[in-house]
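Visitor: Residue numbers (our numbering), protein chains in the order written: chain A, 1144 to 1453; chain B, -16 to 205; chain C, 2 to 117.
Simulated from the structure, these hints should not be mistaken for laboratory data. Check each hint, because a few of them may be wrong.
Claimed, not checked - Only pairs whose alpha carbons sit at most 25 Å apart, straight line, appear in this in silico DSS-like list of lysine-lysine: (1) C:LYS113 to B:LYS(-11); (2) B:LYS149 to A:LYS1323; (3) B:LYS23 to C:LYS32; (4) B:LYS0 to C:LYS58; (5) A:LYS1443 to A:LYS1408.
The model shown is predicted, which means the values in this text are computed figures rather than measured ones.
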Amino acid sequence: MKLKTLSKLEKILAAGHLAVTSECGPPRGSDPEVITKKAEMIKDYVDAINITDNQTSVTRMCSLAACIHLKLMGLEPILQMVTRDRNRIALQSDILGAASYDIHNILCLSGDHQSFGDCAQGQNVHDLDSMQLIQAVRHMRDEGKFLGGGDIERPPNMFVGAAANPFADPFEIRVPRLAKKIAAGVEFIQSQCIYNMDKFELWLKMAGDRGLLEKVYILAGVTPFKTAGMARYMKKRVPGMDVPDEVVKRMADTPKEKQPEEGIKICIEQIQRLKEVEGVHGFHVMAIEWEEMVPEIVKKSGLYPRPSVD
Amino acid sequence: MIVADKKPIEEIIEEIKDDEKILILGCNECVTVCEAGGKKEVGILASALRMYFLNQGKEVKIDEKTLERQCDHEYLEEIRDVMDQYDAVVSLACGVGVQFMAEKYQSTPVYPGVNTCFLGVTEERGLWTERCQACGQCILARTGGICPVSRCAKRVFNGPCGGSTKGKCEIHNEIDCAWQLIVDRLKALDRFDDYENLIPLKDWSFERAGGPRKVVREDVQQ
Amino acid sequence: MRLQYPSNIQIILVPCTGKVDALYILRAFEKGADGVYVVGCMEGDCHFNNGNFRAHKRVEQVQKILDTINIGGERAQMYNLSSSEGPRFAQIAVEMDEKIRKLGPNPIKLAKKKAA
């Protein structure tokens, strides 16, 4: 497969390896070490690291600056960018800023509503939506032009990703929605955390039936439970999350001190199972506030060592 | 219609506390329908204010009047002869009426008596909900007659976002997800395939972003 | 049945309490009434289905306004009873009379006297 960008993530996927990505949330402050330490912990076990963009609408160090810190460490960042906080001028400008540091991956998102965060009284922008941002980045990269039409000197060279949640409502549009993102120009997908394996596999199968799986790389999202409480919380409180009862039960039936271990075990089993599923090209391991477990998960899932591509 | 909500009486008292002759001016149009600024609301507010000031030992003249509209010259002209009798006007019209009053009667302060909220419908008496944000370029033909600009909290044109849960919006479980409604309606119209048509980037210059707007119709101008 | 009730109460007849507008009650206070109470049919027994529920809401609205302008929301009340309950009518009248006496005269009445 001919490479479209200089992205290491794209190279790994194009070479047919199962890719592994993880994520770091920037700090509520300006200490770069928060980012560099987390990155240091996981860097040998992942191919690329997402930097979240003011996740849950809580103000944090900007994703772009944190990505630059990773880049300066010689790592491969995935710049998450939400359409909530920037209009098309700021989006394009930040994309160029990222491109100037040779950041080669972007994940296009709409972002949680600001009412969840620390600035509930703020405006939201949504000049574009996530699909239109995908189109915008592809336009800038492939045409070498701004949305306004002018030429870009040294256009961004970015592998374009988006999120997909096979478990959100309504289910009947989950595959059409993936098709729509592909039509918009998305090249890789990082899925929502998967717990309902059957439903995820059904979604992939339906996507496969429509011939969508050849057009996009799908990384399956996994998040280990630390406690039974977390499993219950994810099931009940997190919108668009599908946690089957038996998974909650399995965590709850485990003695408290053994629960973290069991959570990791479940996560590894999920990866093992999904590795064999058609359309799964890798894993996005989101160990929320538990980054130190990423190496163990990756190793025990047989995904270590990471391939080198150049 | 334009939907407004009554301002708290305390806030209105604060606005007019230094004035002695006040006209409470209602509007017979939208604000009457949404029970915020019609003749009845004028009467209640005026009565309450009269009692408040009397109780404070302050002599304040508070008169009531309701115009057919406050967004047209001809109706606003009806009060020209009496305007010099007042120190201030509390207009219970929408923000449009308040401003047109202010433009017309330069030397009389005009205070808003309602909060102008949105363009919406009466779902049932006492329940008004938003339907339009006057973005200036209607796309309802593409979205099954349901507006993502006014009804989606993120105004996404290619939704729903990841926060749609059981047909409801992530910001509140009483708010319908606009994109769920759009999908349902497209299906009802047997046009579900249209869902996959990407809606292109919006030209927001026809919206607030383009500055104050105007509609010019030379064919009807005199 | 000739029941006694306080003679200071002026009865205003309406076809249904649903006819009682918030403005009627406010105007009564503006004119100097010390208290106003609306006596409607039992809830669920309204001939027009929900006249008495509407009245109830309007009384609540007036109570809020009276509180805001320091007249006192308790001066406005709503009672429900059926037409056969003469003694209860008299009892409510006494109750209301006592309540208002405790609250004292409508401050508007005093303010008006002062202003005159």
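Visitor: Are the hints correct? Go through all of them and say.
Guide: Do the hints match the structure? See the list:
This hinted pair does not check out: LYS113 (chain C) and LYS(-11) (chain B) have alpha carbons roughly 28 Å apart, beyond 25 Å. Using a Cα cut-off of 25 Å, the hinted pair LYS149 (chain B) and LYS1323 (chain A) holds, with the two alpha carbons roughly 21 Å apart. With a C-alpha separation of about 18 Å, the suggested pairing of LYS23 (chain B) with LYS32 (chain C) holds against the 25 Å cut-off. About 29 Å separates the Cα atoms of LYS0 (chain B) and LYS58 (chain C), which puts this hinted pair outside 25 Å; it is violated.
For a cut-off of 25 Å, the pair hint linking LYS1443 (chain A) to LYS1408 (chain A) stands: about 9 Å separates their Cα positions.
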